[in-house]
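Undergrad: Each chain is listed here by its residues.
There are 2 protein chains.
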Amino acid sequence: MLSLPVRRLHGPGPSPVAPSVLQAMALPCIGHMDPEFMRVMNEVREMLQQVFQTENAMTLACSGTGSAGAEMLMDNLIEPGDSCLVGVNGVFGGRLAEKAKRAGATVHTMEAQWGQVFDQDAILEKIEELEPTVVAFVHAETSTGAHQPFDRLANAVHAYGGMLVMDCVTSLSGVPVLIDQWGIDAAYSGTQKCLSCPPGLSPVTLSDRAMHKVNHRKTAVNSWYLDLTLVGNYWSGSRAYHHTAPVNMNFALHEALRLTLQEGLENRFARHQRVHQLLKQGLLERGFTYASDPEHSLPMLNLVNIPSKVADEAAARRQLLSEFNLEIGGGLGKLAGKCWRIGLMGHGATQESVEAILTAIDGVVSDTQ
Amino acid sequence: MLSLPVRRLHGPGPSPVAPSVLQAMALPCIGHMDPEFMRVMNEVREMLQQVFQTENAMTLACSGTGSAGAEMLMDNLIEPGDSCLVGVNGVFGGRLAEKAKRAGATVHTMEAQWGQVFDQDAILEKIEELEPTVVAFVHAETSTGAHQPFDRLANAVHAYGGMLVMDCVTSLSGVPVLIDQWGIDAAYSGTQKCLSCPPGLSPVTLSDRAMHKVNHRKTAVNSWYLDLTLVGNYWSGSRAYHHTAPVNMNFALHEALRLTLQEGLENRFARHQRVHQLLKQGLLERGFTYASDPEHSLPMLNLVNIPSKVADEAAARRQLLSEFNLEIGGGLGKLAGKCWRIGLMGHGATQESVEAILTAIDGVVSDTQ
Numbered sequence: 001m002l003s004l005p006v007r008r009l010h011g012p013g014p015s016p017v018a019p020s021v022l023q024a025m026a027l028p029c030i031g032h033m034d035p036e037f038m039r040v041m042n043e044v045r046e047m048l049q050q051v052f053q054t055e056n057a058m059t060l061a062c063s064g065t066g067s068a069g070a071e072m073l074m075d076n077l078i079e080p081g082d083s084c085l086v087g088v089n090g091v092f093g094g095r096l097a098e099k100a101k102r103a104g105a106t107v108h109t110m111e112a113q114w115g116q117v118f119d120q121d122a123i124l125e126k127i128e129e130l131e132p133t134v135v136a137f138v139h140a141e142t143s144t145g146a147h148q149p150f151d152r153l154a155n156a157v158h159a160y161g162g163m164l165v166m167d168c169v170t171s172l173s174g175v176p177v178l179i180d181q182w183g184i185d186a187a188y189s190g191t192q193k194c195l196s197c198p199p200g201l202s203p204v205t206l207s208d209r210a211m212h213k214v215n216h217r218k219t220a221v222n223s224w225y226l227d228l229t230l231v232g233n234y235w236s237g238s239r240a241y242h243h244t245a246p247v248n249m250n251f252a253l254h255e256a257l258r259l260t261l262q263e264g265l266e267n268r269f270a271r272h273q274r275v276h277q278l279l280k281q282g283l284l285e286r287g288f289t290y291a292s293d294p295e296h297s298l299p300m301l302n303l304v305n306i307p308s309k310v311a312d313e314a315a316a317r318r319q320l321l322s323e324f325n326l327e328i329g330g331g332l333g334k335l336a337g338k339c340w341r342i343g344l345m346g347h348g349a350t351q352e353s354v355e356a357i358l359t360a361i362d363g364v365v366s367d368t369q
Numbered sequence: 001m002l003s004l005p006v007r008r009l010h011g012p013g014p015s016p017v018a019p020s021v022l023q024a025m026a027l028p029c030i031g032h033m034d035p036e037f038m039r040v041m042n043e044v045r046e047m048l049q050q051v052f053q054t055e056n057a058m059t060l061a062c063s064g065t066g067s068a069g070a071e072m073l074m075d076n077l078i079e080p081g082d083s084c085l086v087g088v089n090g091v092f093g094g095r096l097a098e099k100a101k102r103a104g105a106t107v108h109t110m111e112a113q114w115g116q117v118f119d120q121d122a123i124l125e126k127i128e129e130l131e132p133t134v135v136a137f138v139h140a141e142t143s144t145g146a147h148q149p150f151d152r153l154a155n156a157v158h159a160y161g162g163m164l165v166m167d168c169v170t171s172l173s174g175v176p177v178l179i180d181q182w183g184i185d186a187a188y189s190g191t192q193k194c195l196s197c198p199p200g201l202s203p204v205t206l207s208d209r210a211m212h213k214v215n216h217r218k219t220a221v222n223s224w225y226l227d228l229t230l231v232g233n234y235w236s237g238s239r240a241y242h243h244t245a246p247v248n249m250n251f252a253l254h255e256a257l258r259l260t261l262q263e264g265l266e267n268r269f270a271r272h273q274r275v276h277q278l279l280k281q282g283l284l285e286r287g288f289t290y291a292s293d294p295e296h297s298l299p300m301l302n303l304v305n306i307p308s309k310v311a312d313e314a315a316a317r318r319q320l321l322s323e324f325n326l327e328i329g330g331g332l333g334k335l336a337g338k339c340w341r342i343g344l345m346g347h348g349a350t351q352e353s354v355e356a357i358l359t360a361i362d363g364v365v366s367d368t369q
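So the sequences go chain by chain: V and A.
First residue of the first sequence? That's 1 in this note's numbering, and the numbers climb one at a time after it.
First residue of the second sequence? That's 1 in this note's numbering, and the numbers climb one at a time after it.
Hints are not guaranteed to be accurate.
No distinction is drawn between identical chains; accordingly, a pair holds when it is met within one copy or between any pair of copies.
Stated by the list, open to error - Calculated cross-link-like contacts (lysine to any residue; reagent style SDA-like; alpha-carbon spacing at most 20 Å):
#, residue 1, residue 2
1, K334, E263
2, K334, M33
3, K218, G104
4, K101, P80
5, K126, K338
6, K309, L265
7, K126, G337
8, K126, S366
9, K334, L230
10, K309, E43
11, K334, H216
12, K101, R217
13, K101, K218
14, K280, A360
15, K280, P294
16, K218, R45
17, K334, R317
18, K126, P35
19, K338, A240
Simulated from the structure, these hints should not be mistaken for laboratory data.
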């Protein structure tokens, strides 16, 4: 049988998984149309609504990873010829733009320096200029740790009938994600970040406004697998068979959501902040500098410049992995070779983790001096 | 925490999962770019090649359920304007046709009665007449139990440069699936049938011919998530990050494949046949009749007519579930309310299962007399 090392997961995800989540995932499989599985789906939906802070009926776990959730929203909300405004300040904004294009949109991008966020006034200006059908920004840019404010955009988008879409893959349950309060029409996340469930599902939520657009499309959705009129009927309503849901992954998500809500969202946000400050202090004391905008940085993903005394950053990360079983993330895209990404997400956002990370860094970075 | 009944899974899938597969799935998560996970992916690929009986380099576990695998092949192999011939003798053939259409194909269908297979000579005639870019048939129609012969089609398709695609969701590792010997260009399966792994991944394999077509497309693939030039680079070659693979699902599939190969494919096929005969005998003795073509029926999926003494078939199935924890499948599509589908797949294909199924049926069907 498989024999694997036990890692400390402090990259950009997957994050450490609580033992009870692994236990839930290993419960004996049941049928995807079993009334007991319907109950699990209902409870997953209700808990996701709480975590997303929304009353959206169309809230579910898409049967793929975060990228599938992104594609589900782009494919369902965009028809050929629609326009889409996408903010690109990292890898995941770029991917949203690509997905919008493949869904048939004329894509307009706004660019910001990687690690920086967009000024909401500048976004509003662009929205009013272009009146794009879909406006999509990344709340938590996993490639840079940038934390995009989202609270002042909805009115302008709704004024002409547009849809506001948010990537909250890395932020959900780590910092406030206020779907209803911010007027977000559609958002997607991943299970393997602050929810601390293994990767394999993508929580998504869509407003009634968004579903009205989906239900009144003139063209078929590109994807049958991700077609929300079909997937939505399986998750609620007629319960019509569509695909076979990843049953055991939903067991795991159920338990991860239960743990999240048991802790309480506010407590969870505070814990992520507290532990982030501890790590930041330790890193600054060791001469590290942050590469992201200090005013708009995510607590759960720390983007730091690689110290000049580290000659071979990939070798240093390999050493962290092999000697300390510590995974941290390298830079992605433009930041490859320049930055490290250190994650403190969900079950892994603890003081003990911070100490282990700093000890390992001391061991490896001093070695390379 | 979740409390769930332990079911006997004898519907059309998911099938019963071996304890060691559940244990593997519950191993602590590791990173999706960890060298140890790359090893797991390599081993999954090598074992899938053995199970598919192929040397195809492009063999991997698509990060979605069987329907995602089907869509991956249709989306990658079809460009707008291509023609596609699809055999429709059940729900899953119909879905293939729909996916081909959404991928941009002009779709031609051949129809056969549900429960029957297509005569290969008739298919060959149609192939020669239409010369479709993609020819897609279902090897094991999960909605009817029909077992489609596939051994004489490839030459005609290859003669003019077409691609032969096979749905082997329910057949893989339960009856021979000879990808290379039959000249199949692309095939997809599911984990939750005869491989007896929970649902969540779709094994796919593509020949070099098929990948040549994918790599020389003139248009972008509809789907970014399922784009094989990107997914393929993550599974081999440059190992470029694409999406976060469902790590623990791949642990489970690794163990399920290990168990499959430890038993040996020929032994596994023989076991499915042997156990099928036992069930068939028991059902015939009880007055059941089969609704599928006896010459072309799958051993792992038994399509039977609902006995006339069963007044309310859905109530009978609910009773099987609540009193005996036995899941069997209702009819799907045209066969809803007319047939039952009784599965004996993978880990669940045992004499003990047959006895439990017959005992439960005796309890419930006699009750309704």
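Undergrad: Evaluate each hint against the coordinates.
TA: Hint check:
1. K334 / E263: neither (37 Å within a copy, 48 Å between copies)
2. K334 / M33: between (45 Å within a copy, 18 Å between copies)
3. K218 / G104: Answer is both; intra-copy 13 Å and inter-copy 16 Å each pass.
4. K101 / P80: Both. Shortest intra-copy (9 Å) and inter-copy (16 Å) distances satisfy the 20 Å Cα cut-off.
5. K126 / K338: Answer is neither; intra-copy 31 Å and inter-copy 58 Å both fail.
6. K309 / L265: neither (40 Å within a copy, 55 Å between copies)
7. K126 / G337: neither (33 Å within a copy, 56 Å between copies)
8. K126 / S366: The answer is neither: 48 Å in one copy and 71 Å across copies each exceed 20 Å.
9. K334 / L230: Between copies only: 18 Å across chains, 38 Å inside a chain, cut-off 20 Å.
10. K309 / E43: neither (50 Å within a copy, 37 Å between copies)
11. K334 / H216: Neither way: K334 and H216 sit 40 Å apart in one copy and 28 Å across, limit 20 Å.
12. K101 / R217: both (17 Å within a copy, 17 Å between copies)
13. K101 / K218: both (18 Å within a copy, 16 Å between copies)
14. K280 / A360: within (15 Å within a copy, 62 Å between copies)
15. K280 / P294: For K280 and P294, the Cα distance is within 20 Å only inside one copy (11 Å; across copies 69 Å).
16. K218 / R45: For K218 and R45, neither the intra-copy (28 Å) nor the inter-copy (41 Å) Cα distance is at most 20 Å.
17. K334 / R317: within (18 Å within a copy, 57 Å between copies)
18. K126 / P35: Answer is neither: 48 Å inside a copy and 44 Å across each miss the 20 Å cutoff.
19. K338 / A240: Classified as between: cross-chain Cα gap 18 Å, same-chain 49 Å, threshold 20 Å.
In this structure, the hints that do not hold are numbers 1, 5, 6, 7, 8, 10, 11, 16 and 18, in rising order.
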